[in-house]
Amino acid sequence: MPAKGWIEVDDLHCKGCALCISACPQDVIALDMERLTPKGYHPAHLIAEGCTGCALCAIICPDAAITVYREVPVHTKKAPASA
Amino acid sequence: MVAPTTPETKVVFKRPESFTDVTTHYCPGCTHGVAHRLVAEVIDEMGLREKTIGVAPVGCSVFAYKYFNMDFVEAAHGRAPAMATGIKRVLPQKTIFTYQGDGDLASIGMAEIMHAAARGENISVIFINNAIFGMTGGQMAPTTLPGMKTTSSPFGRDVELTGFPIRMSEMLATMDGAGYIVRRSLHDAKHIRQSKKAIRMAIETQERGLGFSMVELLSSCPTNWKVAPDEALKFIAESMIPVFPLGDYKVRPELAGLRV
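Residue numbers (the numbering used here), protein chains in the order written: chain R, 10 to 92; chain Y, 185 to 444.
Check the hints yourself; a few may be wrong.
Claimed, not checked - Label pairs and their calculated CB-CB ranges:
| id | chain 1 | residue 1 | chain 2 | residue 2 | range |
| --- | --- | --- | --- | --- | --- |
| 1 | Y | Pro338 | R | Asp36 | 44 to 52 Å |
| 2 | Y | Gln277 | R | Pro47 | 39 to 47 Å |
| 3 | R | Glu80 | Y | Glu415 | 43 to 51 Å |
| 4 | Y | Asp228 | R | Pro34 | 24 to 32 Å |
| 5 | Y | Leu275 | R | Gln35 | 43 to 51 Å |
| 6 | R | Ala57 | Y | Gly231 | 32 to 40 Å |
| 7 | R | Ala57 | Y | Arg303 | 40 to 48 Å |
| 8 | R | Glu80 | Y | Asp205 | 42 to 50 Å |
| 9 | R | Leu21 | Y | Ala260 | 28 to 36 Å |
| 10 | R | Gln35 | Y | Glu415 | 16 to 24 Å |
| 11 | R | Glu58 | Y | Pro338 | 33 to 41 Å |
| 12 | Y | Gln378 | R | Glu80 | 24 to 32 Å |
As the list claims (entries may be wrong) - Here's a subset of chain Y near chain R, in silico, CB distances under 7 Å, partners left out:
| id | residue |
| --- | --- |
| 13 | Glu192 |
| 14 | Lys194 |
| 15 | Val206 |
| 16 | His375 |
| 17 | Ile376 |
| 18 | Asp414 |
Simulated from the structure, these hints should not be mistaken for lab results. Positions of the beta carbon are idealized from the N, C-alpha and C atoms, including for glycine.
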């Protein structure tokens with residue numbers, strides 16, 4: 010099962026520089042042309058399923074505006090084999 | 185048999201705690217923000233926030249003290265290493281770093297940085313090299329590439345008239361007092377990770393008392409280079425790295441085996 014992830018972009022910090030868009034290997038980030046941040050930029054947002062939570066967008070983000078989440082499968086503990 | 189799984193949400197990446205919640209004044213796409221974040225992440229990881237004092241420069245990063253959630257002082261133009269020297273000598277148990285641009289460190293502050301390295305002051309310097317004076321409107325800096333257009337060299341830097349770019353890391357590596365001198369770049373995720381390791385090594389050098397440490401970071405200036413942010417990163421990779429080669433210029437043997 011591929012890892013499922015998502016990002017949250019803080020509108021206060023995002024300046025619409027679009028570096029996250031070119032860094033995204035899944036091409037699932039775009040600028041939201043319908044919204045403006047308090048500074049007057051179009052913020053980045055997720056446009057499709059497919060984010061793996063790789064955090065490349067957050068690493069390149071110059072304004073630390075992106076928080077990355079990932080779903081990790083929790084394996085329930087195997088019962089110890091009876092000797 | 186496959187064990188049953190239930191997904192659990194994990195935060196993979198978040199804003200470092202050593203950052204304040206203030207929006208930076210940097211232009212969109214400026215890698216100053218990346219460099220700030222790396223310093224904040226390293227200080228968080230090492231748990232040094234309560235004992236760190238930063239020294240802010242003059243230049244675009246003049247307001248750095250507003251963005252770091254730690255003690256900070258503001259130095260006169262180019263004098264950050266001199267101020268850091270004073271603070272470190274009075275408070276040797278504190279972690280002192282300066283954050284300087286190329287107009288500050290390689291131009292007006294050349295004497296201070298050279299002598300701080302020659303004395304082997306136990307401080308760390310984060311040097312942002314973007315080949316231009318950013319804050320004053322894109323004039324030619326000592327690090328401007330030959331042929332590069334700036335507002336004070338509108339036909340490109342003429343090396344016969346204005347000389348050649350200064351390579352600070354190579355020069356400081358000749359100093360006996362220097363413990364860790366490296367050059368890294370901020371143009372893609374891989375190099376940003378390497379830069380973070382270098383900053384960590386610089387702070388480790390200081391914590392071990394091994395002398396002067398400096399990390400030179402090749403940085404972008406989309407506004408004054410007059411290109412889009414992603415093209416600015418390409419310019420670093422294609423034009424700046426050939427002139428300012430990345431690498432470790434001086435690493436004290438005591439640090440050679442250290443893995444961070």
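Hints, one by one, checked against the model:
1. Pro338 (chain Y) and Asp36 (chain R) have their C-beta atoms about 39 Å apart, which leaves the hinted 44 to 52 Å range violated.
2. Under the hint 39 to 47 Å, the C-beta atoms of Gln277 (chain Y) and Pro47 (chain R), about 41 Å apart, fit the expected range.
3. At roughly 35 Å, the beta carbons of Glu80 (chain R) and Glu415 (chain Y) sit outside the given window of 43 to 51 Å.
4. The supplied range of 24 to 32 Å is met by Asp228 (chain Y) and Pro34 (chain R), whose beta-carbon atoms lie about 27 Å from each other.
5. Evaluation of the 43 to 51 Å hint for Leu275 (chain Y) and Gln35 (chain R) yields a pass: the beta carbon distance comes to about 48 Å.
6. The hinted range of 32 to 40 Å is satisfied by Ala57 (chain R) and Gly231 (chain Y), whose Cβ atoms lie roughly 39 Å apart.
7. In this structure, Ala57 (chain R) and Arg303 (chain Y) break the distance hint of 40 to 48 Å, their C-beta atoms being roughly 56 Å apart.
8. Take Glu80 (chain R) and Asp205 (chain Y): their Cβ atoms lie about 27 Å apart, and the range 42 to 50 Å is violated.
9. Separated by about 32 Å at the C-beta atoms, Leu21 (chain R) and Ala260 (chain Y) satisfy the suggested range of 28 to 36 Å.
10. In this structure the supplied range 16 to 24 Å holds for Gln35 (chain R) paired with Glu415 (chain Y), their Cβ-Cβ distance being about 22 Å.
11. With their beta carbons about 49 Å apart, Glu58 (chain R) and Pro338 (chain Y) fall outside the hinted range of 33 to 41 Å.
12. Gln378 (chain Y) and Glu80 (chain R) have their C-beta atoms about 29 Å apart, which keeps the hinted 24 to 32 Å range intact.
13. Nearest Cβ of chain R to the Cβ of Glu192 (chain Y): about 5 Å, under the 7 Å cut. The hint holds.
14. Taking 7 Å as the C-beta contact cut-off toward chain R, the hint placing Lys194 (chain Y) at the interface holds, the least distance being around 5 Å.
15. Restraint check, Val206 (chain Y) versus chain R: the minimum CB separation of about 9 Å is more than 7 Å; hint violated.
16. At about 10 Å, the closest approach between the beta carbon of His375 (chain Y) and any beta carbon in chain R exceeds 7 Å, and the interface hint on this residue is violated.
17. Hint on Ile376 (chain Y) holds. Least Cβ distance to chain R is approximately 5 Å, under the 7 Å limit.
18. Because the smallest distance between the Cβ of Asp414 (chain Y) and any Cβ of chain R comes to about 5 Å, under 7 Å, the interface hint for this residue holds.
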